[in-house]
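S.K.: Each chain is listed here by its residues.
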Amino acid sequence: MANRINTKLKEDGKLLSIYFTAGYPKLADTVEIIQQLEKNGVDMIEIGLPFSDPLADGPTIQKSSTAALKNGMTTDILFNQLKDIRKSVSIPLIIMGYFNPMFQYGVEAFCKKCQEIGIDGLIIPDLPVDVYHEEYQEMFEKYGLINVFLITPQTSDERIRFIDSVSNGFIYMVSSASVTGAQSGFGDEQQTYFQRIADMKLDNPQIVGFGISNSETFEQATKSAKGAIIGSAFIKHLNGHGVDGISAFTKTIR
Amino acid sequence: MTNVNKTAPLKNESGNSSYQADEKGYYGEFGGAFIPEMLYPNTEELRQNYIRIMQEPSFKEEFDQLLKDYVGRPTPLYFADRLSKKYNTKIYLKREDLCHTGAHKVNNTIGQILMAKKLGKNRIIAETGAGQHGVATATVCALMGIECIVYMGEIDIARQAPNVARMKMLGAEVRPALSGSRTLKDATNEAIRDWINNPVDTHYIIGSVVGPHPYPDMVARFQSVISEEIKWQLKEKEGRENPDYVVACVGGGSNAAGAYYHYLDNPDVGIIAVEAAGKGIDTGESAATSALGKVGIIHGSKTLLMQTGDGQITEPYSISAGLDYPGVGPMHANLFVSGRGEFISITDDDAMNAGLLLSKMEGIIPAIESSHALAILECRKFKPEDIVVINLSGRGDKDLNNYIEYFNL
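Taken in sequence, the protein lines are chains A and B.
Numbering follows my numbering, in which position 88 of the first sequence is assigned residue number 88; successive positions increment by one, without gaps.
Numbering follows my numbering, in which position 179 of the second sequence is assigned residue number 179; successive positions increment by one, without gaps.
Calculated from the structure, these hints are not laboratory results.
Hints are not guaranteed to be accurate.
Now the stretches of chain B that chain A is said to cover, found in silico as 3 or more residues with beta-carbon under 8 Å [claimed, not checked]:
no.: 1; stretch: 32-45
no.: 2; stretch: 183-195
no.: 3; stretch: 284-297
no.: 4; stretch: 301-313
Here a beta-carbon is modelled for each residue, glycine too, at the ideal position from N, C-alpha and C.
Please model the entire structure based on the sequences and the hints provided.
M.R.: What follows is the structure, given as C-alpha cells:
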C-alpha cells in the first residue's frame, strides 16, 4: 500500500496541514482533535509528542508541551490513545517530536509501533539528516515511515540537494530564521526564498511551516509550495475555544 | 542506573587510542551534533573554522597575552603543606580561583570572544546558571565593546542577585528564561532559540564542554591551558610532568576537561571526576549524572543525562549552583563508560565541610563546586608518595551566603 502522505501529495490543490501537541488542552483530547480536523477538511496532521526541552519551538508550543506533560502525557499513553485511530480516520498522520523520547523508547520499537498504529511519517527536528542517513534510514523504511527534514533560508543549495535525495515524501520548508510561532506576514525576503526553492525543481514537494497563522499567510506560503503547516495559531485557538471550535478555525484559513 | 560497558577508546588519526574528540566530535559513542536544521549553518561555520583560527599565530598571540595580562595567568600550582600532612599524601592545588572574575570560566570566554571577532560576529549570547559564566561572558564583552545578552532562568535570577548586578554593571542585558523549570537547562534552551532567530550576526558562547560539536572540543581546548601549566609547574617543583592523579569537580565539566586535557591519553595519570550527590544519590535530590543518568540527547549532544523513563529531562539538585546540570559533557561520559576516569560523588554536607576545612587549614575559601573535589580526600585513600593535583576551579566569595547559612557563621 502506498504511504498516505505520498497519495495525498499527488492530489491537486494546496494542502493544509495542522500541528497540535498531544495531551493538550486535556490529556484525552488526542483522538477527538484528529477526527475533528479530518472532518473539517484538513489534509494532513502532525501529532506533537511533547518534550521537556523543545529547542526549536516558540512560547506557544513550549507552553502546550509543558501543559501536556503536566497532564500526564507519555509516549506509551499516546500510542495507546492512537491504537484504534485507523478505524475512524484515513487522513495522513505524522508524529512530530524531539529525538530523546524516541531514543528512550527505542528507535526501532518506536518505528514498529508507528507502523502498527498506521502512522505515516515522522518529523524529528533534532535528528540531523546525516545521522539519519547513516544510522536510521533503513530502519524507518523497513517500517514504511516517511521521515521529513527541515530546510531554512540559510540552508545551502548543496545541502538542500542532499536532503532532497534522502527524502521520500516532502520537505518541510521553515519560512524564516526563527523558532515556531506566528508572525505578522511574509516579506520580500521570504518570497525570494520561496521562489529560490521552487526554482530548484526538487524531487520532493515542499510544505511551508513556521509563521503561518491565517488565510493570508497560508496563501502567500502556498503560492509556490505544495502546502503549509499551521501549529502555534491552532494551539492558541484550542486554548481559547477548546476542541469544539475546530471548524471555526479551519474556516478562517481557506 | 546506567550499565557500565568497558569499551576500548576510539583510535585517533594516528592510530593511537584517544580520549579526545574525533573529527565528527565524538568521544567514543558520545558527542556529535543533534541539532535542528536551523542551527546547522551556525555550528557548521564554527566547525569548519575553529581549529584553523585557534592555530593562527595572531589568534594565539592575542589569546596568550590576554590570559597573562588580563586573566592573571599562569595561576599558581600551590603545594598545600598542611592539607598534605593531614591526609598523608602530596597535595597540589591548581589555583584557578585566582583568575580574574574568580573562576576558570574566563579562560573559555576570552577564547570564544576572540573567535567571535575572527568570525565577524557583533552580538554575543550566553546562558548562565548561578551567573559565573554570565559574568565571565559579560566581562569579555565589556573588554571588547560587544553587545552581550545573557539568558538566566527566572528562578536563578531571584537567588543569584549579586551576579545579576555584576552582569548589569558590565553592560550586559540579562534576559529571564521563563520556560520549563526556569533554571540552567531552560536558559540554555533560550540561548539556543535566540541563536536560531539570529543566525548571521550572533555568536553563542557556551559556558561548558557541552552542546553540539564543535563546542565540547573547542571549550576543552580553551580550558586546556590549565593542564598545560600543571605540566611545567609540576616539572619545576617535582622534576616530573605527570602527577599520579588529577582531581576535578564535574557539572558540565569544563574545569575538569581543562585539568585532564593533556593527561587524557597518558595512562600514568589517574583521572578522578567528582560529581555532586546533592542530598544523596538515592534521595531524588542529586546531580550525580554518571550514577543516575542514561544515554540520551541534551542540548544537541549525545551523552549521559538525568531523565525520566519516558525521556523527559529532569531537574537535578545540588547545593552548588555550578554542578546542577542534568547532563555531563560527552568527554566525561566517555571517561566514565570506558573506565578511564574514576567517578566519585560527594554530598552537600561533605562538600561544605571540605570547604570549611580548606579555609581553616590553608587560608583559601573555595567555591562550593571546588569543595566537592576537595572532599574526596576524606573518602579516597592515596599513598604517601602520590602526587595529587586538585583543580581549585573557583573562589568562594559568591557562595558566602550558603556558607553563612550552612554553618550559622
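S.K.: Please go over all the hints and tell whether each is borne out by the structure.
M.R.: Structure-based check of all given hints:
1. 32-45: holds (count 9)
2. 183-195: holds (count 5)
3. 284-297: holds (count 4)
4. 301-313: holds (count 6)
Every hint, counting from the list given before, is met by this structure.
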